[in-house]
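Q: This is what each chain is made of:
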Amino acid sequence: MKPVFETGGKANDRRMEAIKFEKVHFSYRNGEEGSENEDVFGFDSAFALDGIDFSVQEGEFVAVLGHNGSGKSTLARLTNGLLSPKDGKITVLGMDAGAEENLFEIRKNVGIVFQNPDNQTVASIVEDDVAFGPENIGVDREEIGKRIDFALNAVGMREYRHATTTRLSGGQKQRIAIAGVLALKPRVMILDESTAMLDPRGRKEVMDVVLKLNKEENMTVLLITHFPEEALLADRAVVMNRGRIVMEGKPQDVLTREEELEKCSLTLPRPIAVCKALKVRGLEIKPSFDAETVAENIAEALKKAGAGTRSNEKMPVAKISKNETDDDGKIVAKDLSYTYNERSPFATHALKSVDLTIKTGEFFGIIGHTGSGKSTFVQHLNALIKLPTAEKKYKPKKRKKNEPAKPETILRVGGYDLGDKTTDFRALRKDVGMVFQYPEYQLFAETVFEDVAFGLKNFRSEMTEAEIASAVREAIETVGLDFEQVKNASPFELSGGQRRRVAIAGVIVTKPKILVLDEPAAGLDPLGKRDVMRLLHKLHADWCKTVIVVSHDMDEIAENCTGAAVFFDGKILACGTPKSLFSDRTIADSAGLDIPFTAKLVEKLKACGIEIDCDLTTADFLEKTAEGGRSDA
Amino acid sequence: MRDVSFGQYYPSNSFVHKCDPRTKLLFLIVYIVAVFLAKNFYALGACALVFVAIACFSGVPFKSLLRSVKGILFLLLFTAVLNLFFHSGETVLWSWKFITITKEAVYFTIFLAIRLFLLVLGSAVLTLTTTPVALTDGIESLLKPLKYIRFPVHELALIMSIALRFIPILTDETGRIINAQKARGADFETGGLIKRVKAVVPILIPLLISAFRRADELGDAMDARCYSGSKTRTKYKKLRFGWRDLLAALLLAALLAGVILLRIFTAAVI
Chain A
1 MKPVFETGGK
11 ANDRRMEAIK
21 FEKVHFSYRN
31 GEEGSENEDV
41 FGFDSAFALD
51 GIDFSVQEGE
61 FVAVLGHNGS
71 GKSTLARLTN
81 GLLSPKDGKI
91 TVLGMDAGAE
101 ENLFEIRKNV
111 GIVFQNPDNQ
121 TVASIVEDDV
131 AFGPENIGVD
141 REEIGKRIDF
151 ALNAVGMREY
161 RHATTTRLSG
171 GQKQRIAIAG
181 VLALKPRVMI
191 LDESTAMLDP
201 RGRKEVMDVV
211 LKLNKEENMT
221 VLLITHFPEE
231 ALLADRAVVM
241 NRGRIVMEGK
251 PQDVLTREEE
261 LEKCSLTLPR
271 PIAVCKALKV
281 RGLEIKPSFD
291 AETVAENIAE
301 ALKKAGAGTR
311 SNEKMPVAKI
321 SKNETDDDGK
331 IVAKDLSYTY
341 NERSPFATHA
351 LKSVDLTIKT
361 GEFFGIIGHT
371 GSGKSTFVQH
381 LNALIKLPTA
391 EKKYKPKKRK
401 KNEPAKPETI
411 LRVGGYDLGD
421 KTTDFRALRK
431 DVGMVFQYPE
441 YQLFAETVFE
451 DVAFGLKNFR
461 SEMTEAEIAS
471 AVREAIETVG
481 LDFEQVKNAS
491 PFELSGGQRR
501 RVAIAGVIVT
511 KPKILVLDEP
521 AAGLDPLGKR
531 DVMRLLHKLH
541 ADWCKTVIVV
551 SHDMDEIAEN
561 CTGAAVFFDG
571 KILACGTPKS
581 LFSDRTIADS
591 AGLDIPFTAK
601 LVEKLKACGI
611 EIDCDLTTAD
621 FLEKTAEGGR
631 SDA
Chain B
1 MRDVSFGQYY
11 PSNSFVHKCD
21 PRTKLLFLIV
31 YIVAVFLAKN
41 FYALGACALV
51 FVAIACFSGV
61 PFKSLLRSVK
71 GILFLLLFTA
81 VLNLFFHSGE
91 TVLWSWKFIT
101 ITKEAVYFTI
111 FLAIRLFLLV
121 LGSAVLTLTT
131 TPVALTDGIE
141 SLLKPLKYIR
151 FPVHELALIM
161 SIALRFIPIL
171 TDETGRIINA
181 QKARGADFET
191 GGLIKRVKAV
201 VPILIPLLIS
211 AFRRADELGD
221 AMDARCYSGS
231 KTRTKYKKLR
241 FGWRDLLAAL
251 LLAALLAGVI
261 LLRIFTAAVI
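The listed protein sequences derive, respectively, from chains A and B. If you read the first sequence in this note's numbering, its first letter stands for residue 1, the second for the next number, and so on. If you read the second sequence in this note's numbering, its first letter stands for residue 1, the second for the next number, and so on.
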């Protein structure tokens, strides 16, 4: 069954070409292939490949970078025949991918792992799902058993063989998806943004497996990703922009070319950005990708050059802190507990006696792993989960004579008492806006205008049409969209980033005093992420009083928040400014979290004998480092 | 929500749990036939005896079994009352104006109640001891002969198992969407019928769109894993009959024979 290979090139020692694209053009528009992607359900669709020449050697690990819609995913789909090219030739392991009769053999040899782990699992039990591929190609029973063993071993999930797929974590699910592909014994593995929906822990799990496969099994890997850290692990990086390959080379080289990356709507990896910014401030730092080397280089540069110059360049984000004493942006929780499925064998204690105060005017971060209780806490804030004392049926229990008084649960959000059943919960929800994860999936109306107006019509039925129109316009313009352009468009015609903005507009349109966002930047490309964070700062400055962000990204927290609480196992492990939380690793380690990049630098510099006393934002770190140089000299 | 396996499967390692799902399905069918063939209390007693034996070997606490009867309690009472008053008979026990209760009616009512109980409890044992996945496998295997009349058995089974797999995911998703719209002030609890139906639209549309998106992605993922219908497909999990299934079959044969013999040689209640 082995396919015939062309030996690539003249020299014998050159490795064979696993994937080869020659002048490939592809378009979703005006073609039959595209008819299924009519954009009704909001798929990426209008993007094309515009003359791609590209090849991957067998055993090579290639990373493909590019903003959303640059054609990366199309590349993946063309490679294993899910799409076929308009023009040009694609050769996969010596076979022409355009020919119908080769499809089966190509798909057997080219495995592809998609973005959403839930949507690529066929069966409810792990082993049944892994068996799906081999069953399809007619492998006999005993061999399937062996392949399941092999595949689950390779991804480190052997003990989950009989587990239910829905109960696994995101990283585990994605590893099962990889195992499902491995069971076909492919020689090429394509990961199409397979880590985009995972938390940092899940991302690491998946990347470890991919690296191991590449190194030990000599698997050819094509990794499509947004994360520069992941691209750094590859042998070669390719950057795509508008359907063309615009950069190619060693990732360590490609990822330092700022101007070119910017043209492709990509951002520099954080360590490189710091090095460059210090250079602007007069400190010549040799660029490097890991915190340790960067810190060493900074220490060396400080000792040698001494003086740095003060720069007038403004960093994009700065902290905003309001000193307001009023109560309507304040949150007080005392002894808050919550148990899912109480009185059943599946009871889980999601919150265990949580005490937390968030002051008016804060930009507050809530961090912790999946399952640490963050989401449960946040859902209490606008009474999506009500306290038992706020239920309509609640009657105060009489205390027995000698029974000690129970500690009283208190939850006050923006002046509302959530433990009281007479509280006006509609008014509460108007004042406490809540943006859930992937909020664009909750859009439903025919036009953007209708969708944004939904909350307004629900909460403030007394408003006139004209008032509604002006409020909607204001909200849409605040999130950075052109009102006239989008108001009559269907929300499903917009791009991913735009849809997220519309969803946020639909929440802020009621002018909430407190805005809560669960992972607002998840799944966006680097530029989209930056834009969303900027939007939040804008909202914090002149729209809402308090902003609360749930996040997995410690850099995001350090960069933006005035304070944060670390959740772990249903409890709050620590609470304070990013500086107090991350100045040493004890808290982060016990919660199983990473620390921000700036904190790593500060830590390493301290080990080199240089104290930098900054608030852990990049801007402040740069400022203090440049100054530190001066005072040393 | 995600942590609760849906359906009413009771995890255990009992004799009945380990039986082949096909055996259990066939057992249930024959058991139902036997219960219907029984026409007096002796035969019904034999069925009850078999049920008690199975229940004991299933490792499912009796309380869980009884919970399944709760749902039909109203139906049971309703038919019982009707039968009690309107079943004709000769020996009048009690009469008031046009209502008479006869001895035969009392017997008949009790008989019907026991029969209904046995039917529901029997099916409950199946669903309590068999995972939905195993049940699908069993149904697929039992339907296999239909392949020869071009009935798409494999496709049907695949559809069933994918549906099962997506139930918890879509349940979760529904919860999330409801929460999101509630947070935007949607009100699902008050108002008249029309208002409530209208209120469902903001849940239904995102859910449908998401289901279509998932279906599309799943289709691609299946294609990428070489799915091409049932032609050359093999199956990893093969159901195997074991000694337990043989025992169950013997018990079943005894029950059926017993009920038929009792039907021939004893008097009927109905």
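Do not take every clue at face value.
With a straight-line Cα cutoff of 25 Å, these simulated PhoX-like cross-link-like pairs (lysine-lysine) come out [to be verified]: (1) B:Lys-231 <-> B:Lys-18; (2) A:Lys-303 <-> A:Lys-392; (3) A:Lys-146 <-> B:Lys-195; (4) A:Lys-303 <-> A:Lys-624; (5) A:Lys-146 <-> B:Lys-238; (6) B:Lys-198 <-> A:Lys-185; (7) B:Lys-235 <-> A:Lys-146; (8) B:Lys-195 <-> A:Lys-185; (9) A:Lys-286 <-> A:Lys-334; (10) A:Lys-457 <-> B:Lys-238; (11) B:Lys-231 <-> A:Lys-146; (12) A:Lys-23 <-> A:Lys-86; (13) A:Lys-392 <-> B:Lys-231; (14) B:Lys-231 <-> A:Lys-185; (15) B:Lys-198 <-> A:Lys-457.
Note that these hints are calculated values from the structure, not bench results.
Q: Lys-392 (chain A) and Lys-231 (chain B): Cα distance at most 25 Å?
A: violated, 58 Å
Q: Given the hinted pair Lys-198 (chain B) and Lys-457 (chain A), is their alpha-carbon gap at most 25 Å?
A: Judged against 25 Å, a Cα distance of about 14 Å means the pair holds.
Q: Holds or violated: Lys-231 (chain B) with Lys-146 (chain A), Cα cutoff 25 Å?
A: Distance ~23 Å between Lys-231 (chain B) and Lys-146 (chain A) Cα, so the pair holds.
Q: Is the Cα-Cα distance between Lys-286 (chain A) and Lys-334 (chain A) 25 Å or less?
A: Answer violated: Lys-286 (chain A) to Lys-334 (chain A) is near 50 Å, above 25 Å.
Q: With the threshold set at 25 Å, check whether the alpha-carbon distance from Lys-235 (chain B) to Lys-146 (chain A) stays at or below it.
A: Holds: Lys-235 (chain B) and Lys-146 (chain A) sit about 14 Å apart, inside 25 Å.
Q: Verify the proposed pairing of Lys-198 (chain B) with Lys-185 (chain A), using a straight-line Cα cut of 25 Å.
A: violated, 51 Å
Q: Holds or violated: Lys-23 (chain A) and Lys-86 (chain A), Cα atoms, limit 25 Å.
A: holds, 10 Å
Q: Is the Cα-Cα distance between Lys-457 (chain A) and Lys-238 (chain B) 25 Å or less?
A: violated, 57 Å
Q: Check the hint pairing Lys-231 (chain B) with Lys-185 (chain A) against an upper bound of 25 Å on the C-alpha distance.
A: Answer holds: Lys-231 (chain B) to Lys-185 (chain A) is near 21 Å, not above 25 Å.
Q: Against the 25 Å threshold, does the CA-CA distance of Lys-195 (chain B) and Lys-185 (chain A) hold or violate the hint?
A: Distance ~55 Å between Lys-195 (chain B) and Lys-185 (chain A) Cα, so the pair is violated.
Q: Given the proposed pairing of Lys-146 (chain A) with Lys-195 (chain B), does the C-alpha separation stay at or below 25 Å?
A: Since the Cα atoms of Lys-146 (chain A) and Lys-195 (chain B) sit roughly 57 Å apart, the hinted pair is violated (cutoff 25 Å).
Q: If you draw a straight line from the CA of Lys-146 (chain A) to the CA of Lys-238 (chain B), is it 25 Å or shorter?
A: holds, 15 Å
Hints 1, 2, 3, 6, 8, 9, 10 and 13, counting from the list given before, are not met by this structure.
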